[in-house]
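Q: Sequence:
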Amino acid sequence: MPLPPLTPASIRLGAVVTDWRGAVRAAGDVLIAGGSVEPSYTQRMIDVIDEFGAYVVIAPGLALAHARPGDDVRADGLSLVTLAEPVSFGHAHNDPVSVVIGLAVTTADAHVTGIADLANAFNDPGLVPALSMATEPSAAIDLILQGTTRDVS
1 MPLPPLTPAS IRLGAVVTDW RGAVRAAGDV LIAGGSVEPS YTQRMIDVID
51 EFGAYVVIAP GLALAHARPG DDVRADGLSL VTLAEPVSFG HAHNDPVSVV
101 IGLAVTTADA HVTGIADLAN AFNDPGLVPA LSMATEPSAA IDLILQGTTR
151 DVS
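Numbering-wise, UniProt numbering puts 9 at position 9 of the sequence shown, and it's gapless, one number per residue.
A few of these clues could be false.
Said to hold, decoys possible - Simulated restraints, written as ranges between beta carbons of each label pair:
no. : residue 1 : residue 2 : range
1   : G35       : H93       : 32 to 42 Å
2   : E136      : A108      : 29 to 39 Å
3   : M133      : G70       : 13 to 23 Å
4   : D71       : A92       : 26 to 36 Å
5   : T106      : D47       : 16 to 26 Å
These aren't lab readings, by the way, just hints derived from the structure by calculation.
No residue lacks a Cβ here, since even glycine has one placed at the ideal position from N, Cα and C.
All chains, full assembly: derive it from the sequences and hints.
A: Right, here's the structure in full:
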């Protein structure tokens with residue numbers, strides 16, 4: 001399953017938040033605005049981190065906020081939020097976080113492959129810092145596309 005499209009409307013740059021919950025809410029707000037999820041999905045993303053810890057921080061500076069498919073997911077969706085100031089999620093090695101990806105999918109198979117595809121896109125350690133400095137959504141999209149098409153072998 002290909003990743004849901006990343007469009008300028010699914011990107012929020014320079015979000016001002018005070019903690020990891022605010023960062024996850026920012027990613028969820030973008031998914032809500034795009035019609036992919038209902039507000040309860042954002043709370044489920046937060047609940048997952050409360051229950052299982054900061055495993056969503058998958059690389060230095062990068063969190064992949066997500067929850068399992070559910071009735072509150074209307075369509076597959078992807079959001080990208082950069083933070084004005086990095087926040088701690090409580091991860092031993094990859095804090096602080098400056099980029100949050102929100103992922104919502106409608107099926108369990110899409111959940112697993114979507115997470116794997118996103119992790120592969122961020123194999124380049126320079127991608128998160130570059131995204132943090134993006135000033136236009138189109139620049140962020142270009143950086144992500146370069147990450148997904150770059151030969152990492």
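Q: Take the hints in turn and mark each one as holding or not.
A: Do the hints match the structure? See the list:
| no. | hint | result |
| --- | --- | --- |
| 1 | G35 to H93: 32 to 42 Å | 35 Å, holds |
| 2 | E136 to A108: 29 to 39 Å | 35 Å, holds |
| 3 | M133 to G70: 13 to 23 Å | 35 Å, violated |
| 4 | D71 to A92: 26 to 36 Å | 34 Å, holds |
| 5 | T106 to D47: 16 to 26 Å | 19 Å, holds |
Comparing the model with each earlier hint shows a violation of hint 3 alone; every other hint is respected.
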